[in-house]
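Trainee: Chain by chain, the residues:
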Amino acid sequence: MLVLTHLWILPLLPLAGAAANGVFGRRWPKSLVTGVALSSTTLAFFSALELGREFMALSTDRIPWTKSYFTWITAGGFRADFALQVDQLTVVMLLVVTGVGWLIHIYSTGYMHDDPGYTRFFSYLNLFMFFMLVLVLAANYLLMFVGWEGVGLCSYLLIGFFFLKQSATNAGNKAFWVNRVGDFGFILGVLLILRTFGTLDFAAVLPRAAAMPAEPAGQAGVLTTIALLLFIGAAGKSAQLPLYVWLPDAMEGPTPVSALIHAATMVTAGVYMVARSHVIFLNAPLAMEVVAVVGCLTALFAATIGLVQTDIKRVLAYSTVSQLGYMFLACGVGAFSAGIFHLMTHAFFKGLLFLAAGSVIHAMGGEQDMRKMGGLRKKIPWTFWTMFMATLAIAGAPGFSGFFSKDEILLAAQRTSTPLWAVGVLTAGLTSFYMFRLLFLTFFGTERFDEHQVHVHESPRNMLAPLVVLAIFAVGGGWMAAPELLGGVNHFRQFLSPVFSFSYMNETSLPPDHLDASIATEALKVLLGAPVIAGLFGFLLAWWLYVRSSETPKKIAESFSALYKLLKGKYFVDELYAAVIVRPLVWISDKVLWHAVDEGVIDGAVNGVARVSRESGDRLRYIGSGNVRSYATWILIGAVIFTSLLLWMAG
Amino acid sequence: MEFYNTHILTVVLFTPLVGALLLLFVPRDSENAHRVIGNLFAFLGLIVSLPLIWRYSLSPTADRFQFKENYNWIPSIGAHYTLGIDGISLLLVILTTLLGAISILSSWSAIKMRRKEYYILFLLLQTGMLGVFMALDFFLFYLFWEVMLVPMYFLIGVWGSDRRLYAAIKFFLYTLVGSVLMLLGILALYFKAGAMTFDVPTLLASASKFDTSTQVILFWLFFFAFAIKVPMFPFHTWLPDAHTEAPTAGSVILAGVLLKMGTYGFIRFSLPLLPQDPAARHKIVTIMLVVSVIGILYGALVCMMQKDMKKLIAYSSVSHLGFCTLGIFALTPHGLSGSVLQQINHGISTGALFLIVGVLYERRHTRLISEFGGLSTPMPNFAAIYMIVSLSSLGLPLLNGFIGEFTILRGVYEISIKYAAWAVIGIVLGAAYLLWLYQRVMFGPVTNPANEHLPDLNAREYATLIPLVILAFWIGIYPKPFFRVLDRPVQLIVEQVNPGYYGAEHAASPAVNAAPAPSAAPDTMMNMPGMDMSPAPAPSTEKK
Numbered sequence: 001m002l003v004l005t006h007l008w009i010l011p012l013l014p015l016a017g018a019a020a021n022g023v024f025g026r027r028w029p030k031s032l033v034t035g036v037a038l039s040s041t042t043l044a045f046f047s048a049l050e051l052g053r054e055f056m057a058l059s060t061d062r063i064p065w066t067k068s069y070f071t072w073i074t075a076g077g078f079r080a081d082f083a084l085q086v087d088q089l090t091v092v093m094l095l096v097v098t099g100v101g102w103l104i105h106i107y108s109t110g111y112m113h114d115d116p117g118y119t120r121f122f123s124y125l126n127l128f129m130f131f132m133l134v135l136v137l138a139a140n141y142l143l144m145f146v147g148w149e150g151v152g153l154c155s156y157l158l159i160g161f162f163f164l165k166q167s168a169t170n171a172g173n174k175a176f177w178v179n180r181v182g183d184f185g186f187i188l189g190v191l192l193i194l195r196t197f198g199t200l201d202f203a204a205v206l207p208r209a210a211a212m213p214a215e216p217a218g219q220a221g222v223l224t225t226i227a228l229l230l231f232i233g234a235a236g237k238s239a240q241l242p243l244y245v246w247l248p249d250a251m252e253g254p255t256p257v258s259a260l261i262h263a264a265t266m267v268t269a270g271v272y273m274v275a276r277s278h279v280i281f282l283n284a285p286l287a288m289e290v291v292a293v294v295g296c297l298t299a300l301f302a303a304t305i306g307l308v309q310t311d312i313k314r315v316l317a318y319s320t321v322s323q324l325g326y327m328f329l330a331c332g333v334g335a336f337s338a339g340i341f342h343l344m345t346h347a348f349f350k351g352l353l354f355l356a357a358g359s360v361i362h363a364m365g366g367e368q369d370m371r372k373m374g375g376l377r378k379k380i381p382w383t384f385w386t387m388f389m390a391t392l393a394i395a396g397a398p399g400f401s402g403f404f405s406k407d408e409i410l411l412a413a414q415r416t417s418t419p420l421w422a423v424g425v426l427t428a429g430l431t432s433f434y435m436f437r438l439l440f441l442t443f444f445g446t447e448r449f450d451e452h453q454v455h456v457h458e459s460p461r462n463m464l465a466p467l468v469v470l471a472i473f474a475v476g477g478g479w480m481a482a483p484e485l486l487g488g489v490n491h492f493r494q495f496l497s498p499v500f501s502f503s504y505m506n507e508t509s510l511p512p513d514h515l516d517a518s519i520a521t522e523a524l525k526v527l528l529g530a531p532v533i534a535g536l537f538g539f540l541l542a543w544w545l546y547v548r549s550s551e552t553p554k555k556i557a558e559s560f561s562a563l564y565k566l567l568k569g570k571y572f573v574d575e576l577y578a579a580v581i582v583r584p585l586v587w588i589s590d591k592v593l594w595h596a597v598d599e600g601v602i603d604g605a606v607n608g609v610a611r612v613s614r615e616s617g618d619r620l621r622y623i624g625s626g627n628v629r630s631y632a633t634w635i636l637i638g639a640v641i642f643t644s645l646l647l648w649m650a651g
Numbered sequence: 001m002e003f004y005n006t007h008i009l010t011v012v013l014f015t016p017l018v019g020a021l022l023l024l025f026v027p028r029d030s031e032n033a034h035r036v037i038g039n040l041f042a043f044l045g046l047i048v049s050l051p052l053i054w055r056y057s058l059s060p061t062a063d064r065f066q067f068k069e070n071y072n073w074i075p076s077i078g079a080h081y082t083l084g085i086d087g088i089s090l091l092l093v094i095l096t097t098l099l100g101a102i103s104i105l106s107s108w109s110a111i112k113m114r115r116k117e118y119y120i121l122f123l124l125l126q127t128g129m130l131g132v133f134m135a136l137d138f139f140l141f142y143l144f145w146e147v148m149l150v151p152m153y154f155l156i157g158v159w160g161s162d163r164r165l166y167a168a169i170k171f172f173l174y175t176l177v178g179s180v181l182m183l184l185g186i187l188a189l190y191f192k193a194g195a196m197t198f199d200v201p202t203l204l205a206s207a208s209k210f211d212t213s214t215q216v217i218l219f220w221l222f223f224f225a226f227a228i229k230v231p232m233f234p235f236h237t238w239l240p241d242a243h244t245e246a247p248t249a250g251s252v253i254l255a256g257v258l259l260k261m262g263t264y265g266f267i268r269f270s271l272p273l274l275p276q277d278p279a280a281r282h283k284i285v286t287i288m289l290v291v292s293v294i295g296i297l298y299g300a301l302v303c304m305m306q307k308d309m310k311k312l313i314a315y316s317s318v319s320h321l322g323f324c325t326l327g328i329f330a331l332t333p334h335g336l337s338g339s340v341l342q343q344i345n346h347g348i349s350t351g352a353l354f355l356i357v358g359v360l361y362e363r364r365h366t367r368l369i370s371e372f373g374g375l376s377t378p379m380p381n382f383a384a385i386y387m388i389v390s391l392s393s394l395g396l397p398l399l400n401g402f403i404g405e406f407t408i409l410r411g412v413y414e415i416s417i418k419y420a421a422w423a424v425i426g427i428v429l430g431a432a433y434l435l436w437l438y439q440r441v442m443f444g445p446v447t448n449p450a451n452e453h454l455p456d457l458n459a460r461e462y463a464t465l466i467p468l469v470i471l472a473f474w475i476g477i478y479p480k481p482f483f484r485v486l487d488r489p490v491q492l493i494v495e496q497v498n499p500g501y502y503g504a505e506h507a508a509s510p511a512v513n514a515a516p517a518p519s520a521a522p523d524t525m526m527n528m529p530g531m532d533m534s535p536a537p538a539p540s541t542e543k544k
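If you're matching them up, the sequences are chains A and B in order.
One point on numbering: in this note's numbering, the residue at position 382 of the first sequence is 382, and numbering is uninterrupted.
One point on numbering: in this note's numbering, the residue at position 203 of the second sequence is 203, and numbering is uninterrupted.
Keep in mind the hints are simulated off the structure, nothing from the lab.
Note that this is a predicted model, so its numbers are computed, not measured.
Don't take every hint at face value.
[Claimed, not checked] Straight-line distance between alpha carbons at most 27 Å, and here's what the computed DSS-like set of lysine-lysine pairs gives:
1. LYS307/B to LYS67/A
2. LYS565/A to LYS554/A
3. LYS165/A to LYS307/B
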């Protein structure tokens with residue numbers, strides 16, 4: 001019970017690492033910095049493993065396991081504690097965060113080795129781990145918000161890590177600002193929870209929300225309002241429509257950061273938050289619909305943009321947006337454990353994809369444009385094979401982790417709405433296409449770079465080892481839910497079922513132990529087969545276009561030039577926001593509020609008065625350059641006038 | 001010592017003045033002596049004020065105003081020398097002595113001319129501000145209110161930068177208009193009550209028996225003085241000029257303390273002066289809330305467009321102080337204690353921001369954003385501290401600003417979701433202007449050769465900034481001691497100005513609260529009757 005009893009140790013380990021490196025790191029040798037950063041995350045990961053072991057031994061009545069440390073805010077009748085809690089959902093998140101985080105820390109020691117900001121990088125990365133752990137361990141919404149904002153801060157700092165580059169710091173600012181728009185919803189949602197339930201503790205809010213009657217569909221009561229406000233926050237953090245715009249730009253950060261923060265962990269915080277609040281969402285059907293539709297549309301929308309991007313990291317970024325859409329689709333149709341399952345498998349394969357992309361970029365000496373790659377398969381075989389595994393996983397090849405998690409989501413979506421399912425299947429096809437396109441452009445075909453200038457080399461072992469470990473999970477990580485297809489037990493869902501026991505839709509209507517008998521086996525095969533077939537189709541198309549007949553893509557782009565430009569220009573959403581929101585706001589602030597109102601109207605009036613009293617102003621100037629005695633006289637005069645006025649009126 | 005024990009407020013109040021008087025006798029040419037004595041007395045002022053913290057009694061039976069001193073002063077008109085502080089003024093007094101010491105320290109090398117006069121005026125200003133927060137007699141209050149105006153005028157007008165005279169006169173005129181109206185208000189109150197006393201509680205109590213139209217007039221007479229000081233939109237245009245032109249220490253004090261005299265005035269005088277008639281009162285409160293929200297948004301938007309660092313921070317003050325007035329006029333305990341805490345927070349964060357601009361100004365003699373860029377490279381430690389201060393100002397959790405803003409929003413939410421939602425937009429914009437400023441000043445390559453070899457912070461600059469950073473973390477992580485001091489005075493005020501609040505909450509709580517709340521944990525400061533509206537943590541949180 002060591003870790004459970006001392007829960008604080010988990011977040012404190014990376015915080016200590018961040019503080020030590022942040023304060024002393026600049027004077028330390030690089031090996032010591034590495035040692036501090038790695039040991040703190042290694043210890044955190046093993047503590048999380050130990051916690052998992054201890055947690056399994058807990059009796060069910062002691063779950064959620066809660067530890068309260070001290071009262072944070074108490075004002076009037078409101079209080080919020082620094083309290084941590086562990087339940088099944090937390091355990092999953094902890095293992096994903098510390099596990100993937102640990103691997104990425106190892107990888108970074110290689111990737112960032114020659115960067116002058118090495119120490120700064122690791123203290124930010126450790127700080128991120130701290131806030132992420134606070135986020136998943138928090139026992140109330142306010143502490144969750146601390147982690148939420150903290151990871152946002154680290155994301156900002158790490159996106160702008162190369163602060164000499166304007167584009168990097170711009171991207172950092174954009175990320176922070178867009179997330180703040182999301183926070184608008186989160187804060188108001190939290191306040192409304194507080195007003196409705198009088199507390200922010202999960203352990204108190206969630207049962208009370210469950211006890212409230214479900215709000216009629218299509219009607220927005222208080223629970224629906226709370227749910228929608230929270231979802232605005234989630235859409236910001238997890239890059240959903242219409243707030244996804246920051247994530248592609250976030251690729252300005254170093255690649256390990258993209259892997260850890262902008263693929264595996266932080267961006268999934270929104271999904272985690274919705275899953276954590278699932279009780280509220282379940283009693284707000286309208287909000288559920290919104291979540292499902294937004295998730296589904298985001299999945300499709302981002303996937304279409306991913307089809308034509310040429311920057312290897314941008315393709316992966318849009319892919320992340322798209323996959324996060326799947327997770328929200330799962331939540332929206334009530335399949336929360338499926339959403340969390342996909343969150344986990346996605347952490348494996350997308351983390352891997354980014355790290356492998358980093359290895360490619362490393363090999364190419366910093367080149368990210370896939371048009372200048374090609375034929376790398378033989379030169380960097382480890383990178384190729386691990387990335388190939390990850391591609392199969394995300395494309396949903398049968399037996400790979402993404403297959404199980406995606407199919408579980410689509411199956412659940414199909415029960416709610418066939419259109420949602422159909423869009424999901426279509427997106428699965430697109431996913432397969434853009435991922436294989438990436439793979440083929442990078443590793444196959446002719447070498448489109450100058451071999452004399454680019455010395456392609458395989459990455460060092462400390463970068464390859466995390467790739468291999470993640471590849472193993474990307475391939476096999478789905479099997480914990482696999483037996484279900486064979487009529488067995490979905491261990492993952494069963495493990496999470498105590499958390500999601502309030503779920504009334506897919507989670508419980510589907511008997512946890514075996515498949516719903518109402519679905520005929522034949523129909524099930526079609527349902528499961530459809531995404532696989534779509535994926536296969538995507539693969540074949542990519543193969544045809546980028547391996548077999550590599551001149552065709554250009555022709556297609558020419559004959560559908562309007563569509564191509566629209567996709568290539570990312571639907572011009574950034575431009576739209578600039579034209580509709582940013583520029584008018586700037587214009588109003590500058591021309592109307594500042595120059596017209598402030599300087600024109602208000603100051604105009606004031607200066608008018610001032611002109612009248614210019615004479616006294618001149619006198620004041622004289623005094624100002626003069627001595628203090630005359631100013632003392634002024635006080636005296638004032639006091640005399642005041643007193644005599646009083647006496648006169650009193651008399 | 002005996003005198004100190006019985007007259008602690010007087011000692012705190014006049015320590016700076018003693019320093020100022022002493023400086024009068026120091027010859028003009030011994031310039032080092034001036035700054036040594038100035039710093040000594042400012043620091044001494046901080047030291048003698050600290051015992052207030054632990055001597056202040058939190059007991060519910062303690063007097064509302066503590067450390068009271070009362071002497072007959074001008075018997076013919078009934079003016080008394082009455083001092084006393086409650087939790088609200090306690091925090092503001094400590095903020096004043098702390099920021100006073102810090103900003104005088106920050107002037108060490110920044111002020112090169114007329115040092116003698118500078119330190120005399122600064123110490124005099126300290127006494128004036130402290131007096132405003134301590135006086136419990138209207139006559140005395142008004143005296144200090146005016147006393148503080150004059151040194152500030154000269155600090156801007158003599159030691160300011162290029163357009164200092166315009167700024168100083170504008171500041172003077174604005175404030176004078178407010179003061180005159182307030183004087184009329186005080187006189188009206190005095191004669192209408194007809195009790196031949198300036199005692200604040202007595203006069204305010206008698207004001208509650210006036211007819212509605214008199215109450216409304218009284219409210220507005222006081223309103224202008226405070227609204228200009230805060231400043232509330234549209235009375236704010238003196239602030240950007242005054243801030244921009246004032247020397248660093250002047251800006252720190254102006255933002256950190258002077259503006260709080262307006263919010264303090266609202267809390268101490270305007271709230272009790274709110275008309276008793278519900279309709280009239282509702283009208284006034286609505287106006288105040290709307291104007292506060294306009295100030296939050298307007299300040300933030302105009303702020304984004306500024307090209308001068310100090311002006312930018314000045315407009316951000318308009319936005320932040322909008323939160324404070326919003327909290328005050330929500331008339332709820334959370335709104336009010338959040339507001340007072342946010343006033344302290346603003347003093348810390350914005351004070352630190354002005355010190356940061358001062359650091360740059362002393363090195364480059366410009367405040368134009370476009371003159372800077374890429375300073376992270378030559379000044380890494382400065383970059384770290386500036387980042388923390390920015391984050392504290394934009395309300396990042398675990399730093400002070402968040403606590404204040406959240407508590408205010410909590411209080412405002414109780415009366416209207418609408419206002420809270422608008423106010424949150426101000427928070428969103430806060431991140432925009434502060435981080436954009438940071439980016440333009442600190443990030444990127446060093447483009448201006450003048451910035452290439454700027455020295456990082458020196459020991460004295462650390463000494464001015466580190467205490468504020470520590471306080472920012474303290475309030476962000478463990479704000480309980482601050483709220484504890486505020487709970488009782490805030491409750492007394494809300495009981496008085498919003499009598500329905502506690503009753504209504506009490507009646508409403510069972511509906512919210514399914515589980516009976518077991519005894520409030522002893523460490524919560526909820527020992528107020530009928531305040532037990534937060535359900536106790538669910539049993540599971542007690543598991544060990």
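Trainee: Take the hints in turn and mark each one as holding or not.
Mentor: Against the structure, the hints come out as follows:
1. LYS307/B to LYS67/A: Violated, because 49 Å separates the two Cα atoms, which is more than 27 Å.
2. LYS565/A to LYS554/A: 12 Å, holds
3. LYS165/A to LYS307/B: 22 Å, holds
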